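J.: Just so you know, the protein sequences line up as chains H and L, in that order. For the first sequence, this note's numbering gives the first residue as 1, with consecutive numbering after it. For the second sequence, this note's numbering gives the first residue as 1, with consecutive numbering after it.
For the record, the hints were derived by calculation from the structure and aren't laboratory data. Bear in mind that the values here come from a model prediction, so they are computed numbers and not experimental data. Take the hints with a grain of salt, since some may be wrong.
[As the list claims (entries may be wrong)] Listed next, with one range per pair, are the computed distances between beta-carbon atoms:
1) H/SER128 / L/GLY15: 54 to 64 Å
2) L/TYR37 / H/GLU59: 27 to 37 Å
3) H/ARG138 / L/SER195: 55 to 65 Å
4) H/ASP95 / L/LYS41: 21 to 31 Å
5) L/GLY231 / H/LEU228: 30 to 40 Å
6) L/GLU187 / H/ASP95: 52 to 62 Å
7) L/TYR37 / H/SER128: 50 to 60 Å
8) L/GLY230 / H/ASP66: 36 to 46 Å
9) L/ASN17 / H/LEU139: 56 to 66 Å
10) H/THR67 / L/TYR37: 35 to 45 Å
11) H/ARG138 / L/PHE40: 34 to 44 Å
For every residue, glycine included, the Cβ atom is placed at its ideal position computed from N, Cα and C.
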Amino acid sequence: MSEYSVEFRGLTKKFGDAVILNNLNFGIHKGKITTILGFSGAGKTTLMKHILGLVEPTEGEVIVLDTVIGSLTELELREFRRNFGMVFQYAALFDFLTSFENVAFPLREFTKMKEDEIKAKVMSLLESVGIAPEAASRLPSELSGGMRKRVGLARGLALDPHIMLYDEPTSGLDPITTHVVYDLMRDTHRKNEYRGFTSIIISHDIHATLKYSDYIVFMEKGRVVEHLDVENFKKSENPVIRRFLEL
Amino acid sequence: MSTKGFLENQITAIGENVLTKVNGLGHFTNFTLKTLYWTFKPPFRIKLLFDQMYFMGNKSVFIIFLTSIFTGAVFAFQIYLGMKAISTDSFIGPIVTIALAKELAPVLSGLVVAGRCGAAMAAQIGSMKVTEQIDALEVMGINSYQYLAVPRILGAMLSMPLLSGIFLLVGYGGSWLIGVKVIQIDEILYTSKISDFMNLGMVVEGLIKATVFGYLIGIIGTYHGFNVTGGAEGVGKGTNMAVVWGMITVLVIDFFLTSFLAKIL
């Protein structure tokens with residue numbers, strides 16, 4: 001068993017002549033919170049899509065939970081994706097479903113749970129992310145940005161994933177709600193830590209990253225500039241990182 | 001700019017335009033094949049199919065009713081105006097009914113459904129695309145073509161012959177009102193002429209056309225939804241393209257389908 005949940009070996013991705021990811025070799029520690037940090041256009045989202053198997057590498061391979069993603073057939077990959085939970089930038093809740101139905105959606109799709117079991121699990125998940133029972137029947141359009149993120153997190157957790165991915169989870173939120181959401185992400189991680197639960201956050205919010213992460217991967221122009229634990233990251237002498245830290 | 005430079009620019013522009021169109025055609029073909037493949041792969045989403053049939057079929061009945069009753073009535077009246085001069089107005093019944101069965105019912109139902117449902121498909125799927133809801137489906141391991149496109153395409157395919165059948169019956173009713181009640185053609189003469197000239201093959205021809213149009217409206221509507229880019233403006237463009245291409249395709253394919261069915265029916 002590898003110490004990493006996700007490992008990149010010589011990963012390169014090109015779109016035409018543009019090199020988006022350039023020979024990446026690193027691992028994301030199992031059971032830890034790792035933030036992938038960088039300026040816009042650094043390749044963070046493309047990297048995340050490789051973890052999910054949504055795009056294929058031009059060169060190299062991605063290994064997730066000891067499985068080479070490229071070796072899976074399309075159907076196997078779809079099955080494999082149930083190891084992931086994901087919170088999207090703007091939550092990406094299904095706008096035709098209520099909060100309850102959004103969280104129940106993966107349970108109805110992928111489990112044989114009875115309706116009363118689904119109801120109990122969904123209400124428990126909503127409660128754990130701080131959504132009041134009366135908000136369960138609301139459509140996403142009737143929720144605030146912060147509430148949508150919480151419902152998105154509850155939906156991501158529904159199938160008890162091994163890896164939780166957060167794509168810019170606090171975009172568009174005020175500073176207080178940002179910290180509430182980060183607290184929730186950390187609490188969720190700590191509750192599931194015992195089973196090797198790994199959290200991967202894509203962000204460019206340096207202050208929240210320093211407060212909530214265990215490890216930081218700093219990317220620039222498709223390359224990893226630094227991959228350190230938080231304490232060593234703060235001490236980094238790399239000029240790009242220093243510039244980022246002084247923001 | 002020299003003449004040579006001008007010509008080079010023009011040829012380059014034409015070449016780029018052709019390449020874009022060929023690329024688009026390849027993309028569309030790829031989408032069509034993918035949806036076809038996922039149509040026959042489990043899980044079969046019967047509930048989603050019925051939801052779509054309810055939306056496309058049941059919710060279109062009123063507009064089909066209005067369109068068909070007036071089409072039948074006005075067509076009967078126009079035929080009467082043209083034929084009364086040569087005292088052949090007793091042929092209004094068969095002419096209108098045959099035209100409805102073979103052409104007007106499938107084509108006008110197709111135009112109504114392309115406008116109403118093709119637009120809705122592109123708008124729904126397009127807004128899901130720009131708000132990452134389609135990505136959310138894929139990340140969960142759900143094939144978005146199978147979940148979103150297949151039920152809509154099949155729903156349109158199955159709803160269209162039903163709507164076309166309703167169009168035919170109600171359109172006949174409209175023509176009967178004008179022919180028998182307004183123009184005062186003898187009712188027995190009106191109906192017996194229809195049975196003299198019409199046969200089941202004509203109705204079948206119309207239903208086949210309606211099914212094909214349903215498929216085309218479904219595939220065009222969902223394709224433009226999946227290919228929306230940008231934000232609200234992109235959704236608007238996608239919706240517009242779905243309606244325009246849906247309608248044009250119904251009219252163009254109708255011509256070729258008529259030629260083909262004339263040979264085999």
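J.: All the hints need checking, so say for each whether the structure fits it.
T.: Verification of the supplied hints:
no.	hint	verdict
1	H/SER128 / L/GLY15: 54 to 64 Å	59 Å, holds
2	L/TYR37 / H/GLU59: 27 to 37 Å	29 Å, holds
3	H/ARG138 / L/SER195: 55 to 65 Å	58 Å, holds
4	H/ASP95 / L/LYS41: 21 to 31 Å	26 Å, holds
5	L/GLY231 / H/LEU228: 30 to 40 Å	37 Å, holds
6	L/GLU187 / H/ASP95: 52 to 62 Å	53 Å, holds
7	L/TYR37 / H/SER128: 50 to 60 Å	39 Å, violated
8	L/GLY230 / H/ASP66: 36 to 46 Å	39 Å, holds
9	L/ASN17 / H/LEU139: 56 to 66 Å	43 Å, violated
10	H/THR67 / L/TYR37: 35 to 45 Å	25 Å, violated
11	H/ARG138 / L/PHE40: 34 to 44 Å	38 Å, holds
In this structure, the hints that do not hold are numbers 7, 9, 10, in rising order.
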